[in-house]
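Q: Okay, here's what each chain looks like letter by letter:
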Amino acid sequence: MWRYTLRRLIQGVITVWFIATATFMAMHAVPGDPLTSDKAVPAEIRANLEAKYGLDKPVFQQYLIYMGNLVRGDFGISFVQKNREVNDIIREHFPVSATLGILAIVFAGLGGVLWGALTALYRNRLPDVVIMFLVILGISVPSFVFAALGQLTLVNLNDLAGFSVLPVAGWGTVWHMLVPSLVLGLSTMAYLTRLMRSSMLEVVSSDFVRTARAKGLPPTRIFSKHQLRNAILPVITVLGPSIAAITTGGFVVELVFAIPGLGRYFVQAVQQLDYTVIMGTTVFYGAFLVLMVIIVDLLYGLIDPRMRLE
Amino acid sequence: MSDSRSMSYQPKPGVFQPLMTEQRAQMLTRSSLSYWEDAWRRLKSNRRALISLYIVIGLLAFTVLGPLVWTIDPAAQDLDQISTPPGADRSATLVEPYRPWDGSSALPMAPGLRLAEPATTQAVRLLWDPLEGASAYRVYRNIFPMDPGDALGLPLAETFTAAETRFEDRLDLQPRTYYYTVVALDDHGHQLPARDTLEVSVERVVTVREAVSRGLVKAEDNPQPGDAVELALHPLGTDYLGRDMLARLMYGARVSLFIGICAPLLFVLFGTVYGSTAGFMGGRVDQGLMRFADFVIALPFLLFMILFKIAFGIGPGESGILPMVVAMVLLLWPATARLVRGQILQVREEGYVNAARLLGARTNYLVLRHMIPNTLGVILVTLTFAVPNAIFIEAFLSFIGMGVAPPTPSWGSMCNEGIKTMLTYPHELIFPAVMISITVLAFNLLGDGLRDALDAKMRSTE
Chain A
5 MWRYTLRRLI QGVITVWFIA TATFMAMHAV PGDPLTSDKA VPAEIRANLE AKYGLDKPVF
65 QQYLIYMGNL VRGDFGISFV QKNREVNDII REHFPVSATL GILAIVFAGL GGVLWGALTA
125 LYRNRLPDVV IMFLVILGIS VPSFVFAALG QLTLVNLNDL AGFSVLPVAG WGTVWHMLVP
185 SLVLGLSTMA YLTRLMRSSM LEVVSSDFVR TARAKGLPPT RIFSKHQLRN AILPVITVLG
245 PSIAAITTGG FVVELVFAIP GLGRYFVQAV QQLDYTVIMG TTVFYGAFLV LMVIIVDLLY
305 GLIDPRMRLE
Chain B
13 MSDSRSMSYQ PKPGVFQPLM TEQRAQMLTR SSLSYWEDAW RRLKSNRRAL ISLYIVIGLL
73 AFTVLGPLVW TIDPAAQDLD QISTPPGADR SATLVEPYRP WDGSSALPMA PGLRLAEPAT
133 TQAVRLLWDP LEGASAYRVY RNIFPMDPGD ALGLPLAETF TAAETRFEDR LDLQPRTYYY
193 TVVALDDHGH QLPARDTLEV SVERVVTVRE AVSRGLVKAE DNPQPGDAVE LALHPLGTDY
253 LGRDMLARLM YGARVSLFIG ICAPLLFVLF GTVYGSTAGF MGGRVDQGLM RFADFVIALP
313 FLLFMILFKI AFGIGPGESG ILPMVVAMVL LLWPATARLV RGQILQVREE GYVNAARLLG
373 ARTNYLVLRH MIPNTLGVIL VTLTFAVPNA IFIEAFLSFI GMGVAPPTPS WGSMCNEGIK
433 TMLTYPHELI FPAVMISITV LAFNLLGDGL RDALDAKMRS TE
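Quick mapping for you: the protein sequence lines, in order, are chains A and B.
Sequence positions in the first sequence follow my numbering and run 5 to 314.
Sequence positions in the second sequence follow my numbering and run 13 to 474.
What the hints contain is simulated information worked out from the structure, not anything from laboratory work.
Being a predicted model, the structure only gives us computed values, none of them experimental.
Warning: the hint list may mix true and false statements.
[Said to hold, decoys possible] Going by beta-carbon spacing under 7 Å, a handful of chain A positions derived as facing chain B:
1) T19
2) F22
3) I23
4) A33
5) V34
6) G142
7) S144
8) V145
9) P146
10) V149
11) F255
12) V274
13) F288
14) Y289
15) G290
16) V294
[What the hints assert, rightly or not] Partial list, derived from the structure: chain A residues whose beta carbon lies under 8 Å from chain B:
17) V134
18) I143
19) V271
A virtual CB, placed ideally from N, CA and C, is assigned to each residue, including glycine.
Construct the complete structure from the given sequences, taking the supplied hints into account.
A: Set out below in structure tokens:
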């Protein structure tokens, strides 16, 4: 187990290095640099600035310097925003994105397992048909439409109630988080429901469930100990990649609900070619995703004893 | 033993007849079905998948044939009909060209704030009686009826003297109801309590020359002021710049479907070549290739998508469709590569491949005759599921403003424009959103059906 963890972590570090290198190269392939602006800067001043920020050095040397700083955990300072270290930007805005994402995952995971199990139990009856219809809707409608609809519903709700039941946009309290994270988790929830349903149907007709029933276990115990626990495995496998999908969707939800997350900073930074912010956010996000996938894989071993042997 | 018995049993003549060679007692076997015939048979019996297939064909027809039928230019602006929902009133009246107002005309109306001439979209001409204590006036326009204490709306103008008691409004008039308010001002320009409000319904008018030049009426019909005309038809309404929604949806479908079909075709092709190479070569090469694929999978997709798109750059006048396709291909191939590699590894160990090899089959033959046909089903299913995914990505990128460059319409960018006016003109958001949803739904269900039909192992338990 420990050796496995260690191996995965080493692989993860190499992956993050690859991400950093690829980002660095892609970024420098973009014409222009952070000092390019609308205002014409005299050549001498530009040269000074370039020297100050090390932009006059060959790209490979810049790369080595950046990597050295990265190893020490220093993401550098922003080129565009005044007096801001990239570390500060991440420290301030990543928790917002992360909270949103984690809440969405929790919604999606719980909802997916619950609805999936329910549809399998009521196979081909009304609850199954209704939920599967909603699931197809959830998979086919883009997240920004859900975000817009969510906001519209909130506006109408507040209007109807005459006071602010739930805030329409912004960030701060638990109430702010509720609808955005629900919207964010919706498509993943739909996907997980489908997965859970088919895996549950497989488990229901398996030998060990028949055995459990034959030896007279109460149905609730069969459901929780035999069916649910086995059916949930495929759901957990895709949870890791889902986290990546949810961070992707997070951009839109942050945009629509005016949430000060990291996504908006990235889009802005790319437009302004703010080298350090681009690098910082990408490497950080990449590292976060890699770590999440590793954690999910380890978690899988905890839940499925068969995996531990390997 | 059988000998003796057959000797002992003598059938009566006529009971058994020898069979004629060309006669068969019964056809017990049906003609054998090939893999693809079988798959097609399965797909046909899946109603949901079949309907989805028809929808996909319909969408392609909408994209390819639509612009031939509905020949409105998607970039043309109809400034008389901005943000009109479908089925809106299109009637208008012909009038003479605009002439400056000398303030002489007056309609018989109650004193106070009143209209000097019928209110049209060409101009609203107001007259009012002097208000108490006024040394000047300010005119407001609102689109909502006002309660006391409400804001008065848009301040249009101020008069210089108390003697000037008329005003002509020509500011972006739409055929709707306006509420005009005249407020008295004191010497210092402060508002006094004396005010007067008038409700005005504005009638849509078009000048004769304009109507002829825009083809609303024919010049040889000798149109006269006062005639009624119909404005251009927009079956799905217009957007915030007065562009025809139907034409834009068709054109946007071209962009969205092009990206949604081209990019998956390319990256599935690349992933197939890559994955089958890795699976076929095996050993070190396989390990190296697949490790690289793992790295690419780990890249934060969206961030790189945006980065690549910017790196390839969008020149002036370009739509940015190609950079998006290239970026997608660069980032999305590894999933297919992994899948195909797994399939190839499986097929390689099958008995029929060994048999073929023992019979002296060359590598080329093995690949073309056994490997590819046996993985094609999986590849096809991947492709169908990749299409809605790519459409989503395009819509998503265009939505956050990093996708197709305006004025090229795509369903995503149309949603992006529509969401800003979602509360007042919902049709601008709903139509493109519905198009995206239907397309994604159809491809997803078709993919489900194909998977059930083509691949026994992946067959879902529905």
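Q: Hint by hint, note whether the structure agrees.
A: To see whether the hints hold, each was checked on the structure:
1. T19: Result: holds, 5 Å to nearest chain B Cβ.
2. F22: 4 Å, holds
3. I23: 6 Å, holds
4. A33: For A:A33, the interface hint holds, since the closest Cβ of chain B sits about 5 Å away, which is under 7 Å.
5. V34: 5 Å, holds
6. G142: 11 Å, violated
7. S144: Holds: closest Cβ of chain B sits about 4 Å from A:S144, inside 7 Å.
8. V145: Constraint on A:V145 satisfied, holds at 5 Å.
9. P146: 5 Å, holds
10. V149: 4 Å, holds
11. F255: This hint holds: A:F255 lies near chain B, its Cβ roughly 6 Å from the closest one there, short of 7 Å.
12. V274: 5 Å, holds
13. F288: 9 Å, violated
14. Y289: 5 Å, holds
15. G290: With Cβ-Cβ at 5 Å, under 7 Å, it holds.
16. V294: Given a least distance of 6 Å, the restraint on A:V294 holds.
17. V134: 15 Å, violated
18. I143: 6 Å, holds
19. V271: 6 Å, holds
When each numbered hint is compared with the structure, violations occur for hints 6, 13 and 17.
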